Amino acid sequence: MNDATKDREFRSLFELHYPQVEAYARRRCARSADADDVVAETFTVAWRRFQDIPAEPLPWLYGVARRVLANQRRGQRRWAGLLDRLRREPMDVATPHDTGEPVRVALSRLKPADQELLRLAAWEDLGPSEIAATLGISANAASIRLHRARKQLAAELTALGLAPRKNEASAGHLVG
Amino acid sequence: MTHTNNDERLEQEAMDQLAKANPVTPDDHDPKADALLQRITTEAPAKSVGWQKRAALAVGGFAALAAVAVGSFAVLGGDDTGGNGGQVPADQTDGDPTLDPAGGFAGTCLAYSTEELALRQFAFHGEAASVDGSTVIFEVSEWYVGDRGSEVTLELDSSLQSEMYNDFTFAEGDEYLVSGDDEFAWGCGFTRPYDEDLAAEWAAALGS
Chain X
16 MNDATKDREF
26 RSLFELHYPQ
36 VEAYARRRCA
46 RSADADDVVA
56 ETFTVAWRRF
66 QDIPAEPLPW
76 LYGVARRVLA
86 NQRRGQRRWA
96 GLLDRLRREP
106 MDVATPHDTG
116 EPVRVALSRL
126 KPADQELLRL
136 AAWEDLGPSE
146 IAATLGISAN
156 AASIRLHRAR
166 KQLAAELTAL
176 GLAPRKNEAS
186 AGHLVG
Chain P
5 MTHTNNDERL
15 EQEAMDQLAK
25 ANPVTPDDHD
35 PKADALLQRI
45 TTEAPAKSVG
55 WQKRAALAVG
65 GFAALAAVAV
75 GSFAVLGGDD
85 TGGNGGQVPA
95 DQTDGDPTLD
105 PAGGFAGTCL
115 AYSTEELALR
125 QFAFHGEAAS
135 VDGSTVIFEV
145 SEWYVGDRGS
155 EVTLELDSSL
165 QSEMYNDFTF
175 AEGDEYLVSG
185 DDEFAWGCGF
195 TRPYDEDLAA
205 EWAAALGS
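Protein chains in written order, with this note's numbering: chain X, 16 to 191; chain P, 5 to 212.
Some hints here could point you the wrong way.
As the list claims (entries may be wrong) - Covered, in the sense of this in silico footprint (three residues per stretch, anywhere, with C-beta under 8 Å from a C-beta of chain P), are these stretches of chain X:
no. : segment
1   : 25-38
2   : 130-137
Unchecked claim - From the derived model, a few chain P residues whose C-beta atoms are all more than 12 Å from chain X:
no. : residue
3   : G137
4   : E143
5   : D151
6   : E176
I should point out that these hints are in silico values taken from the structure, not numbers from a laboratory. Every value quoted in this text rests on a predicted model; they were computed, and no experiment measured them. Ideal Cβ positions, reconstructed from N, Cα and C, are used throughout, including at glycine.
Just chain X, same shape as in the assembly (with noise of 0.2 Å):
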């Protein structure tokens, strides 16, 4: 691929996963400053790595995006680390979105890595093939987990007292 070709053809990946992409950082992030480096090193991975982008662009994109943030909380993690040993006091790193709304509750109660899954699928509204791609495991896995965290979070509301009681009337009925 020349390098026209490849500029061309980026700079259209980048105008139709940008606004994807930028708000998956958002939803994470909670310093706007913090997401715009994510995306812009996103961004700059897919640049250098054009050529291994695949078909389904967006997957592989929240992925990369998956692995500049972990190593970016990796660094707040170790600075607030040293800071709190330094002050003897506790340092919360930013967490965001783990507070306010009920579900957000219920959400904070599941494992980090299955809140990240649900987050995968009901705010960047993405399947089981595609959540896959997105952490690097087999469709089957996401399908699985999927499934599991949906009942976690079901369970969670429920013992918040923010689910509908269980019919009663229903119980028993198999779902298919």
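For chain X, the structure is supplied; the task is to place chain P on it using the hints.
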């Protein structure tokens, strides 16, 4: 246990609630987008630079602050704003990165010590059963801390993903001492090829 229609309804309602709690909707007219596209396509250096390095440099600002705090970092990256917007100054894209004695990239490495090791969520001795890009499945021989079972799948920290930053690469069948947080194995000396003396040091430091 049966999965009832009611269970399915509750789960769908939970997902609907979560979807409604989406804090951000995509913005098709972000004015920052044009500037970013221009920067990436015109200012990115021609020489290929591993994205791990740039990802690592993106947190250089934090490393810089930490270095000021404890003097334990060698600072190579970052600017005085604490972030570089994903851009790597041209003078940071050439030349060899400095390796610290633990085998990590000094620019973003937290200096290895048993005290820092003790702060990791997990540490174990195990064999790399499968190496697939940045994902490694380990068969664990001994957990020092954070037991997750006999097999664990981990993502490699950015500093572990490049030969530039390490004096070893992962190979199936080889044994390693691995530590990290969440689903990531940390580099910078916190994950290394197995060594009997080092294993004894980890066991002693982690109280196993």
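The hints, checked one at a time:
{"no.": "1", "hint": "25-38", "result": "holds (count 9)"}
{"no.": "2", "hint": "130-137", "result": "holds (count 4)"}
{"no.": "3", "hint": "G137", "result": "violated (8 Å)"}
{"no.": "4", "hint": "E143", "result": "holds (19 Å)"}
{"no.": "5", "hint": "D151", "result": "holds (16 Å)"}
{"no.": "6", "hint": "E176", "result": "holds (18 Å)"}
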